[in-house]
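Asker: Residue-level listing of the chains:
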Amino acid sequence: MVPDDMNSQTSVEQRIANVQSADSAEALLSAVEHLAAAKHPSATACLLEILGFNNPGAAVAAVDGLIAIGEPAVEPILASLGTNNYGARAWSVRALAGIADPRGLEVLERALATDIGPSVRRAAASGLGRLDLRSLPDEQASGLVERCLQALLLACGDGEWIVRYAVVVGLEGLALQQAERISDLSVEALRHALAGLAAGSDPLTPVVVQRRSALALHRIDHSAGPHG
Amino acid sequence: MSAPSSTTIEMADPIDEAEALRRLRATDDPSAQYYAAWWLGRHRSQHPDTLPLLLAAMRQRRARQLGDGVEENAVARNATRAVGKLGPSASEAIPVLLELLDDPDYGLREAAARSLGELKATVALPALVARLRSGPNVAGARASDSANLVEPCEALLEAIGDLGSSDEEVIGVLESFLAHERPVVQCSACRSLLQLTQEPRWGERLKTLLLHPQLQVRRAALMDLGATGWRPATQAIAATLAENSLKLIALRGLVESAPSDGLDEEIFDVMDGLL
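Chains A and B are the protein sequences, given in the same order.
To convert, take the position in the first sequence, counting from 1, and add 14; that gives our numbering.
To convert, take the position in the second sequence, counting from 1, and add 3; that gives our numbering.
I should point out that these hints are in silico values taken from the structure, not numbers from a laboratory.
Errors might be hidden in some of the hints.
Between beta-carbon pairs, the in silico distance windows are [unchecked claim]:
1) D146(A) x P203(B): 36 to 46 Å
2) E63(A) x R136(B): 51 to 61 Å
3) G96(A) x D52(B): 42 to 52 Å
4) P235(B) x P217(A): 25 to 35 Å
5) D16(B) x D198(A): 23 to 33 Å
6) P217(A) x L266(B): 19 to 29 Å
7) E89(A) x E74(B): 45 to 55 Å
8) R25(B) x I130(A): 48 to 58 Å
Cβ coordinates follow ideal geometry from the N, Cα and C atoms, glycine included.
Please take these sequences and the hints and turn them into a complete structure.
Answerer: Here it is, written out as structure tokens:
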């Protein structure tokens, strides 16, 4: 069991030890939450291991912890993808989407296009709309924005409503955050896709997706960007 | 309401409308029919052959057999669920659904009640109320031979809420189920009372059920709040200890169940944060 007096002063090593000695699902969840709250890079390996435990509650907490660690967790996550089981890879995609580091782009592209889990595709789509490209030179950043846009446009016809919803959110993110990096032609394609979803011409596009698309177009029209 | 199950099955077997109709005709292959009926409902097929084939399938009876992989009367149950998804074009199915409300098969009664609600078949209100009138201790008692209740109470209660018309007797029957021993049945009663009366106290009671120690109850309360479109529940839904997938479905319900003149930015911002 996790001791009651555990607080922010507890060392990361101690928190990892508590995860490893947890003897029930409840104790594990509590220990993972405490480890995640440390937001310390040395927790990365242990958090990654938890993703493979087939314990959704603990995995959610571990993903939150990896996102909180941020940039230093990216390489370890990418390195783990080749060896982990499907469940762990799915959670890793969600962590990469949350961290928003451009090194996760390829994984997010592939997940959105091919993953069998709607919750994984949904996380990938929203992640593709909010990659943090500020550290990159302009030309490279523009190229990556174009790749994100193409991946999202291809997923507009996804069979699951929540993935379409996430695609709309991703497209809105690109249009609002990366406006200066998108070509006029691509802006046109983006608006066309949102207008199509807003019109609900496909019976698999429910009202909620139509209305979220309309909101995205509204926000894009009222933004101060060069295309606004 | 029970939480929805995954529909990833579709990805494993993508078919088109013509193929679904062909499979539904294949009465010697219940598994193929079962999937086809589901497919036609999910895609809200408006093909002229769809409704007649589903109506025929609703009358198929078949005990569960070894190696079927599907439940008793599975094709009829799925066809009954499917007609509820077809919208106004399926009004022809309403008399058959009313018959099924009296079927000895619990699962068929349950599916028929749900579809009558979805089709807004107000003509069904007296029959739905009649099956619940004996109250939580009779209609809501545990069945002797299964984990079910005597009547499919959740489906019946929710269908009554869907129909939108109410009088004192209807409200009285719904209120009697607030005392049911199963919290998920209480959820269904609150949901319909909120839909029919718009009184916030029923929404507040569902919000309390979002905090229930059992995940199954929290899930039911999520789905029921979504179905009512009661927007004051937005933040409580977001804060519930349950899967994001279900919270997103509940929030979708808030947006779709009650029309709004606004942009619903509060709900959409919450949804965006759960992706």
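Asker: Indicate whether the distance between the beta carbons of P235(B) and P217(A) respects the range 25 to 35 Å.
Answerer: Taking Cβ atoms as reference, P235(B) and P217(A) lie about 31 Å apart, which means the hint holds.
Asker: Return holds or violated for the Cβ distance of D146(A) and P203(B) against the range 36 to 46 Å.
Answerer: 42 Å, holds
Asker: Take a look at whether the Cβ-Cβ distance between P217(A) and L266(B) falls inside 19 to 29 Å.
Answerer: 24 Å, holds
Asker: Mind checking the hinted window 23 to 33 Å against the Cβ distance between D16(B) and D198(A)?
Answerer: 42 Å, violated
Asker: Quick check on a hinted range of 42 to 52 Å for G96(A) and D52(B), using CB atoms only.
Answerer: 49 Å, holds
Asker: Can you tell me whether the CB distance of R25(B) to I130(A) sits inside 48 to 58 Å?
Answerer: 26 Å, violated
Asker: If you check the beta carbons of E89(A) and E74(B), does the distance land in 45 to 55 Å?
Answerer: Between E89(A) and E74(B), where Cβ atoms are some 49 Å apart, the hint holds.
Asker: Starting from the range 51 to 61 Å, see whether the pair E63(A) and R136(B) falls in it by beta-carbon distance.
Answerer: 56 Å Cβ-Cβ, so the 51 to 61 Å window holds.
Of the numbered hints stated above, those contradicted by the structure are hints 5 and 8, listed in ascending order.
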